[in-house]
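Residue strings, one per chain:
2 protein chains.
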Amino acid sequence: MLNSNKKIAIIGLGLLGGSYAKGLHDAGLQVTGIDIDPSAVAYAKQMGWIEEGGDDPSLIADCDIVISALYPRTFVEWVHRNQKCFKSGALLSDVTGVKRKVIEEINSFLRKDIEYISCHPMAGREYKGIRYADTDRFIAANFIVVPTSENTEAAIQTAHDIGEALHFGHISVLTPEAHDRMIGFVSQLTHVIAVSLMNVSDNTHLVDYTGDSFRDLTRIAKINESLWPELFILNKDNLIREIDDFTVEMQRFKQMISDEDIDGMRAKLIQSTERRGKFDRKD
Amino acid sequence: MLNSNKKIAIIGLGLLGGSYAKGLHDAGLQVTGIDIDPSAVAYAKQMGWIEEGGDDPSLIADCDIVISALYPRTFVEWVHRNQKCFKSGALLSDVTGVKRKVIEEINSFLRKDIEYISCHPMAGREYKGIRYADTDRFIAANFIVVPTSENTEAAIQTAHDIGEALHFGHISVLTPEAHDRMIGFVSQLTHVIAVSLMNVSDNTHLVDYTGDSFRDLTRIAKINESLWPELFILNKDNLIREIDDFTVEMQRFKQMISDEDIDGMRAKLIQSTERRGKFDRKD
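Protein sequences appear in the order of chains A and B. Quick note: to get this note's numbering, add 576 to the position in the first sequence (first position is 1). Quick note: to get this note's numbering, add 576 to the position in the second sequence (first position is 1).
Among the clues, some could well be false.
If chains are identical, the list can't say which one is meant, so a pair holds when it fits in one copy or spans any two.
Below are the DMTMM-like pairs computed for lysine to aspartate or glutamate, each with C-alpha atoms no more than 20 Å apart in a straight line [stated by the list, open to error]:
hint	residue 1	residue 2
1	LYS583	ASP689
2	LYS812	ASP839
3	LYS854	GLU801
4	LYS830	ASP820
5	LYS854	ASP792
6	LYS704	GLU850
7	LYS663	ASP792
8	LYS677	ASP631
9	LYS583	ASP602
10	LYS704	GLU806
11	LYS621	ASP856
12	LYS621	ASP638
13	LYS812	GLU680
14	LYS704	ASP788
15	LYS582	ASP778
16	LYS677	GLU806
17	LYS621	ASP632
18	LYS854	GLU702
19	LYS688	ASP821
20	LYS854	ASP778
21	LYS621	ASP837
Calculated directly from the structure, the hints in this document are not laboratory data. Keep in mind the model is a prediction, meaning the values are calculated, not measured.
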């Protein structure tokens with residue numbers, strides 16, 4: 577359990593940072609909020625989620641845990657510029673959706689008396705801003721701790737405790753490599769597919785003919801255009817390989833349609849039905 | 577409104593045929609059910625959805641409207657073999673999901689005293705069989721009447737009335753060409769995508785890391801493997817063109833990732849977000 581004497585700073589009070597502030601406050605912790613937008617800080621104070629807040633990085637000077645909820649590039653830059661403000665022995669964590677490059681960059685310059693433990697709460701949304709902050713959706717979501725061989729057991733445990741304090745439904749541990757491979761398929765490829773399906777042509781005149789299938793498939797085509805290009809680029813090796821593999825598989829199916837290969841298609845449909853069955857929620 | 581003196585036959589008491597029998601019975605019509613499976617007929621009788629039923633095509637001899645709920649190929653063969661049993665002046669309709677070829681084939685041999693008006697209720701499911709029959713889902717679904725220039729106004733009106741009697745949420749009229757083009761994109765391409773995503777590799781070990789996005793995107797990968805290969809082949813020109821266009825669009829996006837073209841990606845994401853917004857349900 578997270579020690580309630582620990583003082584926590586959240587850097588960036590957006591959708592996820594705001595949700596973290598709320599959740600950690602609700603768990604009985606003292607939270608400090610940093611954001612360059614005074615209205616986000618004022619909102620968090622007004623909601624009672626943070627005790628102190630502002631745009632001044634030196635506010636984190638007495639914080640034991642500093643969690644960045646910034647976009648990846650901004651996160652790296654912010655730590656680089658402000659690591660002088662950290663308390664000695666502080667733990668640094670984050671919420672970025674892609675890991676290898678971010679971990680490598682942070683660790684290349686981080687002060688030796690600060691430990692960085694990387695985390696990925698898989699609870700994004702298409703909305704932006706603290707006014708959409710909400711901890712309810714953590715319950716059904718995954719919280720992934722992404723340690724390297726440099727991390728201490730204590731830091732890994734604290735990261736786990738943060739996920740628990742926020743009531744994430746499933747907490748797991750992955751290496752940076754396994755994490756980025758998984759994200760390239762489960763999250764990034766699916767977003768590229770949904771976006772491409774909306775962009776292939778202006779089919780909005782078909783709105784009256786679309787059922788739940790089409791809506792479900794394209795829901796994630798509503799996407800934060802500031803964040804995702806960064807995430808795609810930071811994982812481009814995995815993502816490009818996934819797009820290529822998917823394209824080959826789709827071309828294989830197209831060939832079966834073209835050849836009128838009923839048996840081949842049937843085998844593909846049986847396999848997809850069986851595999852997809854394993855993803856049905858048990859509840 | 578559908579005249580309740582009309583006698584209706586449903587050919588094929590599966591998921592959709594059973595749902596039709598139930599819905600038309602509930603609307604006050606006399607329904608005859610034909611199926612080669614005695615247990616399906618017995619079930620429909622037991623539920624009170626049909627008054628007469630069996631595997632004998634001559635049971636339709638006094639029916640004013642004959643609706644086939646068979647798969648496309650079986651539908652064409654069944655009519656070819658049994659059109660001698662139809663009452664003179666009867667109206668023939670169907671539920672097949674692809675239209676141009678089916679309409680062309682039926683009309684190439686249909687008796688001149690029978691009129692065929694093609695319909696597509698967009699209310700399929702991944703389950704099979706009359707035990708899943710259910711009219712509730714018609715309320716949110718589309719019913720499409722697909723007339724040709726040969727059809728009479730009276731037949732088009734009756735088709736419309738059938739959709740209304742079954743309480744479909746939205747009834748519209750499309751030409752066979754426009755219907756098949758729309759279906760190639762909205763329904764068939766999306767199923768090929770979902771199936772290919774499940775088949776590209778065995779990713780079932782990732783089940784713990786998948787959220788609603790992945791589940792939504794692949795839900796339709798659970799698919800009736802007997803029906804869909806037929807539908808794909810019957811619309812192969814449209815479907816292959818849609819797969820090709822989609823592949824080109826995805827490759828375009830891949831190139832932007834590869835080039836780290838943030839502005840290009842951002843424009844694509846803004847466009848997809850905006851277009852997808854138009855598909856949000858108003859309720």
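(Q) Run through the hints listed earlier and report the numbers of any the structure violates, in increasing order. (A) 7, 8, 11, 15, 19 and 21
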